[in-house]
Amino acid sequence: MSLLKLNDLYKTLILDHAQHPHHHGQLADVPGVTLNNPTCGDVIQVQLAVQRNQIEQIAFSGTGCTISQASASVMTDVLIHQTPAQAQQLLHDFSQLIMGETITATAKKQLGDAAVLGTVAEFPTRIRCAMLAWHAAEQCLAQIGGPTNESKS
Amino acid sequence: MGKPTNPYRADFPILTTEVNGEPLTYLDSAATSQKPQAVIDAITHYYTTSNANVHRGVYTLAAQATDQYEAVRDQVAAFIHAKKREEVFFTRSTTESLNWVVQTYGNQNIHAGDEIVLTVMEHHSNLVPWQQLAHRKQAKLRYIQLTSDGQLDLADAKRLITDKTKLVAVVQTSNVLGVTNPVQQLAALAHQHGAIIVVDGAQAVAHQPVDVQALDADFYAFSGHKMLGPTGIGILYGKYSLLAQLTPAQFGGEMIDNVDWQTTTFAAIPQRFEAGTPNISGVIGLGAAITYLQQVGWPAIQAQEQQLTKHLLTGLTALNGVSIYGPLDPALHGPVVAFNLNGVHPHDVATGLDMAGVEVRAGHHCAQPLMQYLQVSATVRASVMFYNTTAEVDRLLAALTEVKEFFQG
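Protein chains in written order, with this note's numbering: chain U, 1 to 153; chain Y, 1001 to 1409.
Worth flagging that the hints you see were computed from the coordinates, not collected in a lab.
Heads up, the beta-carbon is just placed ideally off N, CA and C, and yes, glycines get one too.
Heads up, none of these hints are tricks.
In the PhoX-like style, the derived pairs of lysine-lysine whose C-alpha atoms are separated by at most 20 Å in a straight line are:
(1) LYS1239(Y) / LYS1083(Y)
(2) LYS1140(Y) / LYS1158(Y)
(3) LYS1404(Y) / LYS5(U)
(4) LYS1084(Y) / LYS1239(Y)
(5) LYS1164(Y) / LYS1140(Y)
(6) LYS1404(Y) / LYS11(U)
Where chain Y lies over chain U, by a calculated footprint (3+ residues, C-beta under 8 Å):
(7) 5–14
(8) 32–42
(9) 65–78
(10) 120–128
Produce the complete structure using the sequences and hints provided.
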């Protein structure tokens, strides 16, 4: 009974990312932001380097549940090589998706693998897990500066 | 299967509901207990027939409300074997009760260089307030460690409690390890060195008879919602001789004797410590909860909870790849069991169990320093109460097996 329902949340792609995370580790001399999930004590660090108005390097480290690890992994795939402005938009779209809001087909396509995490919206207690790395990335971009203050209408 | 159902279940309406299409299997009573119909009815009955503010009106209804409210004070005093009814007063929660001790006794008596002795298994509510006080006063915190099987190390307690100790603050039953600490012995140690002892009884009062005089506790804090009562009602017991020395933590309505432009004299104890309109319906609900617990009786409560805990510990031990925190011996274990499925994050375990209708806690259980001590970031925690059944524990074990297969393949 429970196995079928678990498949709704833990799709193969999510399990794969959690077991074999992309861009996992720490980057030398790259600024980062560390956030914790106060409900479980998990800690995630996200580092990103912007050069020539593009995210050239990105990595995350720390431990966490399947959802937080998979979400961090797909996020690094989505954000790498984006401009800070594009990244801001993607962060916004992802947060809308996770909160159960409808996003455009184009936005969904741009989110790639990350769009699969949209099912988290049906598991409200896990939204915090899914958002942790994305919040850290958002704060990284804000620290680096650049076009972070533009309106998100 | 086929076992006669627990006779108390019918008294708890929520236990017949469903979650995620499965029968509710509530195994999180350590977070908050479910409420029997008698408690729900008492609150409704109060609002339907007796609602008025207490200690104010001269009219009949106000006198009725006041009588009901004060009758519960007597009930609580008898329930924990306080010497006087004046030694019991009502707060919002265990946390507020403990903060109250910090802000009054702590503030008046802890000075630079003094030591406060806690245990490594304290809930944040009996740790953070002391930590903040220690920062303000430049006092020192000392933590009693555990033995290898997860019990409090009394030898360490004897080493740490010295003439420098001004106060010992200790949880009676741990909300993670399930162990019940030797409060009586710790109280004797504290008193030997001229210190007082503050006891967090939140996880104890609903599961074992408590006698504050036998324990020789100076302060004893607990809350209604973990003992079948409503949320928002807490209790603080304090020895009368100590209460008599304390300046109230809050001032205003209901706690005064006479107010002049420049000065105020305070009401007698315990009204002095209950500023503002209290949670009257919460107190009435608490009274109904105590009556209900006493009707079931300690022998029945303890026999059922010990059987459930034993069944749970045995079942978890039989599953491969499960780490259990705290003693494995059911005789040493209260009805709270913290564990992890090796290699699966507790949040993932809890979501899996939730799909099967099994509601457990996953996280740090407001005991982050203890998690550090145990070298985990979080754990799953199942807690039972006498209204649970062994069939429910079996449902947890079956769901755990499925979750384990799902994540570990």
